[in-house]
Amino acid sequence: MKCLLLADNRPQLTATLEPILKHWGYRVITASDVERLKAFLNESNLSLLIIGEEFLNNPQLSPLLKQVAQEKELPIMALQQEHCSSKTDLPCETLEVPVDVFALFSFIQRHVEKHPRQNLRLRLQLPGMYRTKDDGYILADVLSLSTQGLFFKTSHRLKQGDRLNVVIPLLGHCQELEIDATVLYVIEPLATNNYMQGLGVGFEDMTAEQKDHLQKYIEHHFLNQIAAHQDGTEDPSTLRTRN
1 MKCLLLADNR
11 PQLTATLEPI
21 LKHWGYRVIT
31 ASDVERLKAF
41 LNESNLSLLI
51 IGEEFLNNPQ
61 LSPLLKQVAQ
71 EKELPIMALQ
81 QEHCSSKTDL
91 PCETLEVPVD
101 VFALFSFIQR
111 HVEKHPRQNL
121 RLRLQLPGMY
131 RTKDDGYILA
141 DVLSLSTQGL
151 FFKTSHRLKQ
161 GDRLNVVIPL
171 LGHCQELEID
181 ATVLYVIEPL
191 ATNNYMQGLG
201 VGFEDMTAEQ
211 KDHLQKYIEH
221 HFLNQIAAHQ
231 DGTEDPSTLR
241 TRN
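Numbering (the numbering used here), first residue to last: 1 to 243.
This list has only true hints and no planted wrong ones.
No farther apart than 20 Å at their CA atoms in a straight line, the calculated lysine to aspartate or glutamate pairs in the DMTMM-like style are these:
| # | residue 1 | residue 2 |
| --- | --- | --- |
| 1 | 72 | 89 |
| 2 | 2 | 73 |
| 3 | 159 | 188 |
Rather than coming from a laboratory, the hints here were simulated on the basis of the structure.
Using the sequences provided together with the hints, build the complete structure.
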């Protein structure tokens, strides 16, 4: 399991980001003071350092950060902090706070994963429907959803490249999206996939308004999934939500 070091002296921000990173499948260690951060940098096998700008600019840490970044080729993401600026000459990107979950996901995928995923994907069960040019609408459960496509659980026979029109009700948001799409892959029912049958589709020609509605929906439900497994210590104000 890849290990991420989250180093910041803002406990509410750390309490919010840590469960998100764990939800994505990473081991997360946290440091809220200089000595603890030094110890982890020296002793841990890290895949990514996420660090507040106050620590990043700390002269006590600068030599060690440069050494670790160079010798271990450790990618660094700085977290914006009031009254601080990233004056370091270390190769790093700065993420604004409140944090954009989509930007956080994109950075981690680019710098940590050998085969990065392009989009934050939401696992859910949502009633949807689709149709081809020659058929009426077919009801099907949506089992995963991103801003670029979705997965339908369906026994209807289609093939890669088929063109569809899909309808997605954004339950709880009083919105329904109707989007043209293309079948990207088909899953046949086999013992190895518990006899799951369905198809993955990619969206085409979404309007800016449709993409905005979809991002809001995905973000809202993703954060609800995280919060459902937490003890209430996280602070939603540390995340940039789309209102």
